[in-house]
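Visitor: What follows is each chain in one-letter form.
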Amino acid sequence: MKSLLQEEVRKSRMPARLDLLQSLSGLVLGLFMWVHLILVSSILLGKGAMNAVARFMELSFLREDGSGGYPFIPWVIAFGIFLVFIFHAGLAMRKFPSTWKQNRVFLSHMQMMRHPDTSLWYVQVVTGFIMFFLGSVHLYVIMTNAGSIDPYASADRFVTDWMWPLFLILLFAVELHAAIGMYRLAIKWGILDGEDPRVARKKFKKIKNITSAFFLTLGILSWIAYVYIGIQHRAHAGERYISSTAVEYSFVARG
Amino acid sequence: MSNHVNTPTAHGNDKGRKLRFHIFRYNPQLPGDKPRMQTFEIEEQPGMTIFVALNEIRERQDSSLQFDFVCRAGICGSCGVVINGRPDLACHTLTAKFSGGEITLLPLPAFELIGDLSVNTGKFMRSMSERIESWIHSEEAKHCDFNVLEERMDPDLADKIYELDRCIECGCCISACGTKRMREDFLGAVGFMHVARFHLDTRDQRTDDDWYEIIGDDDGIFGCMSLMGCEDNCPKDLPHQAQIAFLRRKMVMVR
Amino acid sequence: MKVVYTDSLVIGAGLAGLRVAVASKMRGLDTLILSLIPAKRSHSAAAQGGMQASLGAAAKGEGDNEDIHFADTVKGSDWGCDQPVARMFTHVAPKAIRELAAWGVPWSRVRGGDHEVVINAQRTIIHEKEEAHGLIMARDFGGTKKWRTCYTSDGAGHTMLYAMDNKAIELGIPVHERMEAVALIHEGDRCRGAVVRDLITGELIAYVAKATTIATGGYGRIYGVTTNAVIVEGMGAAIALETGKAPLGNMEAVQFHPTAIVPVGILMTEGCRGDGGVLRDVDGYRFMPDYEPEKKELASRDVVSRRMTEHMRKGKGVPSPYGDHLWLDITILGKEHIERNLREVTEICRNFLGVDPVKDYIPVRPTQHYSMGGVRTNWTGESPGLRGLFSVGEAACWDLHGFNRLGGNSVAETVVSGMIVGEYVADYCEQSTLEISTGVIAGFMERERARIDALLARPSGEKVYELRSAMQQIMMDKVGIFRTGEKLQEALDGLKDLLRRSRNIALTNKIGSSNPELVDALRLQRQLKLAVTVTKGALLRTESRGAHTREDYPERNDRDWLKRTLAYWKNEADEEPTIEYEDLDISKMELPPGFRGYGTDNTIHHPNTAGRVQQAAEIVQSMPGADRFQVQNALMPFDLPAKYKEKNERIGVGCK
Ligand SMILES: Cc1cc2nc3c(=O)[nH]c(=O)nc-3n(C[C@H](O)[C@H](O)[C@H](O)COP(=O)(O)OP(=O)(O)OC[C@H]3O[C@@H](n4cnc5c(N)ncnc54)[C@H](O)[C@@H]3O)c2cc1C
Ligand code: HEM
Ligand code: HEM
Ligand code: SF4
Ligand code: F3S
Ligand code: FES
Numbered sequence: 001m002k003s004l005l006q007e008e009v010r011k012s013r014m015p016a017r018l019d020l021l022q023s024l025s026g027l028v029l030g031l032f033m034w035v036h037l038i039l040v041s042s043i044l045l046g047k048g049a050m051n052a053v054a055r056f057m058e059l060s061f062l063r064e065d066g067s068g069g070y071p072f073i074p075w076v077i078a079f080g081i082f083l084v085f086i087f088h089a090g091l092a093m094r095k096f097p098s099t100w101k102q103n104r105v106f107l108s109h110m111q112m113m114r115h116p117d118t119s120l121w122y123v124q125v126v127t128g129f130i131m132f133f134l135g136s137v138h139l140y141v142i143m144t145n146a147g148s149i150d151p152y153a154s155a156d157r158f159v160t161d162w163m164w165p166l167f168l169i170l171l172f173a174v175e176l177h178a179a180i181g182m183y184r185l186a187i188k189w190g191i192l193d194g195e196d197p198r199v200a201r202k203k204f205k206k207i208k209n210i211t212s213a214f215f216l217t218l219g220i221l222s223w224i225a226y227v228y229i230g231i232q233h234r235a236h237a238g239e240r241y242i243s244s245t246a247v248e249y250s251f252v253a254r255g
Numbered sequence: 001m002s003n004h005v006n007t008p009t010a011h012g013n014d015k016g017r018k019l020r021f022h023i024f025r026y027n028p029q030l031p032g033d034k035p036r037m038q039t040f041e042i043e044e045q046p047g048m049t050i051f052v053a054l055n056e057i058r059e060r061q062d063s064s065l066q067f068d069f070v071c072r073a074g075i076c077g078s079c080g081v082v083i084n085g086r087p088d089l090a091c092h093t094l095t096a097k098f099s100g101g102e103i104t105l106l107p108l109p110a111f112e113l114i115g116d117l118s119v120n121t122g123k124f125m126r127s128m129s130e131r132i133e134s135w136i137h138s139e140e141a142k143h144c145d146f147n148v149l150e151e152r153m154d155p156d157l158a159d160k161i162y163e164l165d166r167c168i169e170c171g172c173c174i175s176a177c178g179t180k181r182m183r184e185d186f187l188g189a190v191g192f193m194h195v196a197r198f199h200l201d202t203r204d205q206r207t208d209d210d211w212y213e214i215i216g217d218d219d220g221i222f223g224c225m226s227l228m229g230c231e232d233n234c235p236k237d238l239p240h241q242a243q244i245a246f247l248r249r250k251m252v253m254v255r
Numbered sequence: 001m002k003v004v005y006t007d008s009l010v011i012g013a014g015l016a017g018l019r020v021a022v023a024s025k026m027r028g029l030d031t032l033i034l035s036l037i038p039a040k041r042s043h044s045a046a047a048q049g050g051m052q053a054s055l056g057a058a059a060k061g062e063g064d065n066e067d068i069h070f071a072d073t074v075k076g077s078d079w080g081c082d083q084p085v086a087r088m089f090t091h092v093a094p095k096a097i098r099e100l101a102a103w104g105v106p107w108s109r110v111r112g113g114d115h116e117v118v119i120n121a122q123r124t125i126i127h128e129k130e131e132a133h134g135l136i137m138a139r140d141f142g143g144t145k146k147w148r149t150c151y152t153s154d155g156a157g158h159t160m161l162y163a164m165d166n167k168a169i170e171l172g173i174p175v176h177e178r179m180e181a182v183a184l185i186h187e188g189d190r191c192r193g194a195v196v197r198d199l200i201t202g203e204l205i206a207y208v209a210k211a212t213t214i215a216t217g218g219y220g221r222i223y224g225v226t227t228n229a230v231i232v233e234g235m236g237a238a239i240a241l242e243t244g245k246a247p248l249g250n251m252e253a254v255q256f257h258p259t260a261i262v263p264v265g266i267l268m269t270e271g272c273r274g275d276g277g278v279l280r281d282v283d284g285y286r287f288m289p290d291y292e293p294e295k296k297e298l299a300s301r302d303v304v305s306r307r308m309t310e311h312m313r314k315g316k317g318v319p320s321p322y323g324d325h326l327w328l329d330i331t332i333l334g335k336e337h338i339e340r341n342l343r344e345v346t347e348i349c350r351n352f353l354g355v356d357p358v359k360d361y362i363p364v365r366p367t368q369h370y371s372m373g374g375v376r377t378n379w380t381g382e383s384p385g386l387r388g389l390f391s392v393g394e395a396a397c398w399d400l401h402g403f404n405r406l407g408g409n410s411v412a413e414t415v416v417s418g419m420i421v422g423e424y425v426a427d428y429c430e431q432s433t434l435e436i437s438t439g440v441i442a443g444f445m446e447r448e449r450a451r452i453d454a455l456l457a458r459p460s461g462e463k464v465y466e467l468r469s470a471m472q473q474i475m476m477d478k479v480g481i482f483r484t485g486e487k488l489q490e491a492l493d494g495l496k497d498l499l500r501r502s503r504n505i506a507l508t509n510k511i512g513s514s515n516p517e518l519v520d521a522l523r524l525q526r527q528l529k530l531a532v533t534v535t536k537g538a539l540l541r542t543e544s545r546g547a548h549t550r551e552d553y554p555e556r557n558d559r560d561w562l563k564r565t566l567a568y569w570k571n572e573a574d575e576e577p578t579i580e581y582e583d584l585d586i587s588k589m590e591l592p593p594g595f596r597g598y599g600t601d602n603t604i605h606h607p608n609t610a611g612r613v614q615q616a617a618e619i620v621q622s623m624p625g626a627d628r629f630q631v632q633n634a635l636m637p638f639d640l641p642a643k644y645k646e647k648n649e650r651i652g653v654g655c656k
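Chains as they are written, first to last, in my numbering: chain Z, 1 to 255; chain B, 1 to 255; chain S, 1 to 656.
It is possible that part of the hints are untrue.
DSSO-like mimics (lysine-lysine), calculated; alpha carbons at most 27 Å apart, straight line [to be verified]:
(1) Lys-236(B) with Lys-205(Z)
(2) Lys-145(S) with Lys-647(S)
(3) Lys-18(B) with Lys-97(B)
(4) Lys-203(Z) with Lys-250(B)
(5) Lys-236(B) with Lys-206(Z)
(6) Lys-203(Z) with Lys-236(B)
(7) Lys-202(Z) with Lys-250(B)
(8) Lys-236(B) with Lys-202(Z)
(9) Lys-316(S) with Lys-478(S)
(10) Lys-335(S) with Lys-129(S)
(11) Lys-34(B) with Lys-510(S)
(12) Lys-645(S) with Lys-142(B)
(13) Lys-202(Z) with Lys-335(S)
(14) Lys-97(B) with Lys-202(Z)
(15) Lys-250(B) with Lys-205(Z)
(16) Lys-203(Z) with Lys-160(B)
(17) Lys-129(S) with Lys-60(S)
(18) Lys-18(B) with Lys-463(S)
(19) Lys-11(Z) with Lys-95(Z)
(20) Lys-588(S) with Lys-656(S)
(21) Lys-142(B) with Lys-160(B)
(22) Lys-129(S) with Lys-160(B)
Please keep in mind that the hints were generated in silico from the structure rather than gathered at the bench.
The whole structure should be built from the sequences, with the hints applied where relevant.
Guide: Put into structure tokens, the structure is as follows:
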């Protein structure tokens, strides 16, 4: 049979594209955040390690003299992520409760049902909302201070620049949001379902919980490390970390 | 396999326990009536279902109580209500399931209220059917030559179609869906299930393009936020998760 | 006064009603359906086992055709059915099932190759022909020579009803839901529609139509425990009875199904036994072969139900707080089969009994199940008493089933009679005009208004639910499987007393709009008339035929009782119906009365039987070389709407 509606106006393909893009942008952000946290947590291996990572990110190994590297690289990454971030948020916004009434209906529904996946969605909305503001601030700082990423500069931002509460909140928001989001991706598209989608869902749920827990733990430890270093370095705030410094004292050794 | 003579476990226990039913009351037909909760106490009988309990309340305590039952065997879909927060069929729910003996009953949300626990699912389902055109689209269905051998069908396909055709249009999936609660025009899981059923059916000659016209927007498949309330509350255990994901994949691939 | 006009008014949105509406609509008539509930919730959805049609595609159905289906049906009815109707039915059944296949029913299909099945508690290999692969499969059911019952797992009725209602939606047929027909509007010898009560607002509306079709299902709920849905209360039959002109036929013919779960009475489909399940007693002993060595568990329903009751009377039942029961054992079928072909059964066992049928026995007992009686019609589906009044499906006594319906013949009847009668309804609409004075309509509206107002106004009186359970108890105890004159007389007296008392019901809830108690009161008054009719018919019929078993008259008595009971309720003030009888004409029967093949043959034959047997044999002999259609036509011609006359093709034999 011919398509029934050949002559008529076809429905826009836009919703399909946007749905896919929302998922793809979420996927990119999610993967990025996990890598990001692992990189940031290099501080747990020592300031030198963290510094090396930061320099590596600036592609300093391309410079024979071992100096700074190319600080615009992090800037480019940050800007790219920022665009994806805004794009994703923009798409997600369409799904937000758009009126106060809708929000109330959803909340009462959630309280009545006590259904885990429904509640998780609201967690996503709330964390997404938080990230929209706090993440933007963080990204703005990173972009305007490209090149100033090293153990001291970062730790100073935590303590001296009073970013630590923001990071703490952001950490929880992003780890919950990303793990739930990735879980939802798996359910939503069902590509990894295998034989029995129901069994797969249980498995995804478990993986979600484990990744959340893992990255939260890692994040909190790193957060403590930055705060600790930041306090110690408070007197010298503004001074950059120099890898060859003889007076290298590590968090671990002193702690 | 136990060949011994068994006693049904649903019988013989819990005799004499007091059950407290907290039931939503409101009759829109009565001028001035206001929504409220009313409590009834009854003595539990062995093997008692909510169907039995509600009839006892109506016959002995309050003859104005409105609710719907038809088959009382979990096969007609008339008796969906919210039982302690979850939509389910009242007739197949044993009171023994609630160890506290407190049972709160609310009418299914997202449907027009007729009175007390009775809602107009019929009207909803009819318009859902009209929207997705829930009938076989083919020349054969229009002008069937019933004197000759029927068209053959793969036996496994027939079984698979039945699997999806088991939906009893009880509306539990609709009431369990936060998206549907927020957005009135959202098609909802029961609609997707029917679409999946006809999509699978080789007799129906609609193409993916045709289906896109029906569910290819944010009131359709792209509006579903994978909340899984449908999957977790369908009394017939239909595979919502897998089918919604399947439709989503099909629909994003439509060019 | 609100009046709605249409051509074809159909009361009831089950399989039967929907199919009639589809037929009317396809003929271009303005069509409208009334229903208590959304169409897809009608009790047709509950049919699990399947639908009989002689397709002959399954290996065990090979060689099946209309003739064998016809013979099974007539024997099943204990020669109580209308044979030309049975012929019409068996001829159209294959068409019906094929039409439903085209409309979307996912019938289970034949799988070519070897399969292990359970027959007579033995695992056996059956070879399905490769040529038949993909055609519609069939399973074994009680009282049939061939595997003829087509099915979709154990959700046949559900899938059929969904396909049918979807067809109605496609055609744009309106279904006015939560509307109850409470009276028929009639003038002279013509029916002109119905007075209808809106169950939400309480408003009375007149639906005026050229043709009115009653397709409201059975009357099982006059019994306390039944497999029927709670809305199967016989209101269609009752409003026909109340016209005083349209007779009800064979109301005493009530079927008990052998296997409903205890205590709630939910059905375990005959498919359980058809697929190989067996019955066991308190000792776990399989007792049916002792009683019916040949057909065992798959004897006709009435037979199995009686045997089970007999066995329990011998003290072999399993005691329970709800009285004795027996066990249905399907464990031998194996997990895979049960989970594929008996899904709903599994769900019901788990939800309502907490029992797993893969491992455990299921507690069962014979339970009221089907109403063979109903609105009497002739072969076109029209009432002999009121022109323009038609009836189909379980509500009707078209008389396909006589005194016992075969499993799988009922959903088949709904659709087949819907197809056939639907055409006659359309013919009638095309030939008639709508002339009725508003005065007549107003008269009927007033009468119903007055009934309702009286109930609402009465300050004190009888209680609905007390009377209802008293009625149901009497029917259970005294008008059950085994009947005696004494018990039936007691029942009749008791019911008449209840009927009198029901005229004095007072409600506790005096709201005129949506009021369940008012609905129940109105229905109870009518149900009592049905209960009295059933009981009186049973009391008068001093023989045992099919499901009607008189312990004081154990023999089937063709000499005196080869006739159909017709009941009229002539005056509102009457306390019992006027009973008349309609003879079944042996001289026109294709299959003259004979032995059904269960127990011992104690039939008292009709003097004309032997003559007709010989005459039939002579007709057959006089036609050497004739095909089976010609012979059949010579024996007993029957008519059908032109579009259904063609022969049915079958795999391997073509149209032969
Ligand atoms: C549990 C169970 C299992 C069964 N299994 C099988 C089987 O496997 N095979 C088989 O052949 N048969 C089976 N039967 C029998 C068969 O299902 C029924 O006989 C058949 O479906 C009846 O269909 P119907 O269309 O006549 O009526 P129903 O489907 O009962 O429909 C009646 C309709 O009438 C409407 N109605 C009633 N009263 C009024 C009124 N006053 N005003 C307006 N509308 C009204 C109702 O709303 C409903 O829509 C089974 C029956 C039961 C109870
Ligand atoms: C390319 C973009 C990004 C870069 C280069 C970057 C870099 C960094 C760096 C260097 C730190 C250490 C603290 C500091 O120097 O300020 C940090 C910490 C952090 N960043 Fe980012 N970030 C990026 C994007 C994001 C985004 C989009 C989020 C979340 C929305 C985020 C969340 C966090 C959090 C929560 C911490 C604190 C980690 C902890 O406490 O363990 N970052 N990031
Ligand atoms: C770095 C930050 C972010 C990450 C890692 C991330 C990740 C994800 C992922 C993987 C999904 C699942 C996508 C899908 O279901 O299709 C998702 C969905 C969502 N995201 Fe984000 N997101 C981020 C930022 C944001 C922000 C800033 C917002 C809000 C302003 C937001 C709001 C949402 C919402 C509401 C959803 C659910 C959408 C749906 O169910 O269709 N996210 N996110
Ligand atoms: S999909 Fe399940 S929950 Fe939804 S209407 Fe159908 S049976 Fe009910
Ligand atoms: S609950 Fe609703 S959002 Fe989608 S997954 Fe089910 S339809
Ligand atoms: S009454 Fe039919 S499903 Fe509950």
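Visitor: So, for every hint listed, does it hold in this structure?
Guide: Hint check results:
{"no.": "1", "hint": "Lys-236(B) with Lys-205(Z)", "result": "holds (23 Å)"}
{"no.": "2", "hint": "Lys-145(S) with Lys-647(S)", "result": "holds (21 Å)"}
{"no.": "3", "hint": "Lys-18(B) with Lys-97(B)", "result": "holds (14 Å)"}
{"no.": "4", "hint": "Lys-203(Z) with Lys-250(B)", "result": "holds (24 Å)"}
{"no.": "5", "hint": "Lys-236(B) with Lys-206(Z)", "result": "holds (25 Å)"}
{"no.": "6", "hint": "Lys-203(Z) with Lys-236(B)", "result": "holds (23 Å)"}
{"no.": "7", "hint": "Lys-202(Z) with Lys-250(B)", "result": "holds (24 Å)"}
{"no.": "8", "hint": "Lys-236(B) with Lys-202(Z)", "result": "holds (19 Å)"}
{"no.": "9", "hint": "Lys-316(S) with Lys-478(S)", "result": "holds (22 Å)"}
{"no.": "10", "hint": "Lys-335(S) with Lys-129(S)", "result": "holds (25 Å)"}
{"no.": "11", "hint": "Lys-34(B) with Lys-510(S)", "result": "holds (18 Å)"}
{"no.": "12", "hint": "Lys-645(S) with Lys-142(B)", "result": "holds (20 Å)"}
{"no.": "13", "hint": "Lys-202(Z) with Lys-335(S)", "result": "holds (25 Å)"}
{"no.": "14", "hint": "Lys-97(B) with Lys-202(Z)", "result": "holds (24 Å)"}
{"no.": "15", "hint": "Lys-250(B) with Lys-205(Z)", "result": "holds (25 Å)"}
{"no.": "16", "hint": "Lys-203(Z) with Lys-160(B)", "result": "holds (25 Å)"}
{"no.": "17", "hint": "Lys-129(S) with Lys-60(S)", "result": "holds (11 Å)"}
{"no.": "18", "hint": "Lys-18(B) with Lys-463(S)", "result": "holds (26 Å)"}
{"no.": "19", "hint": "Lys-11(Z) with Lys-95(Z)", "result": "holds (20 Å)"}
{"no.": "20", "hint": "Lys-588(S) with Lys-656(S)", "result": "holds (25 Å)"}
{"no.": "21", "hint": "Lys-142(B) with Lys-160(B)", "result": "holds (24 Å)"}
{"no.": "22", "hint": "Lys-129(S) with Lys-160(B)", "result": "holds (22 Å)"}
Hint compliance for this structure: every hint is met.
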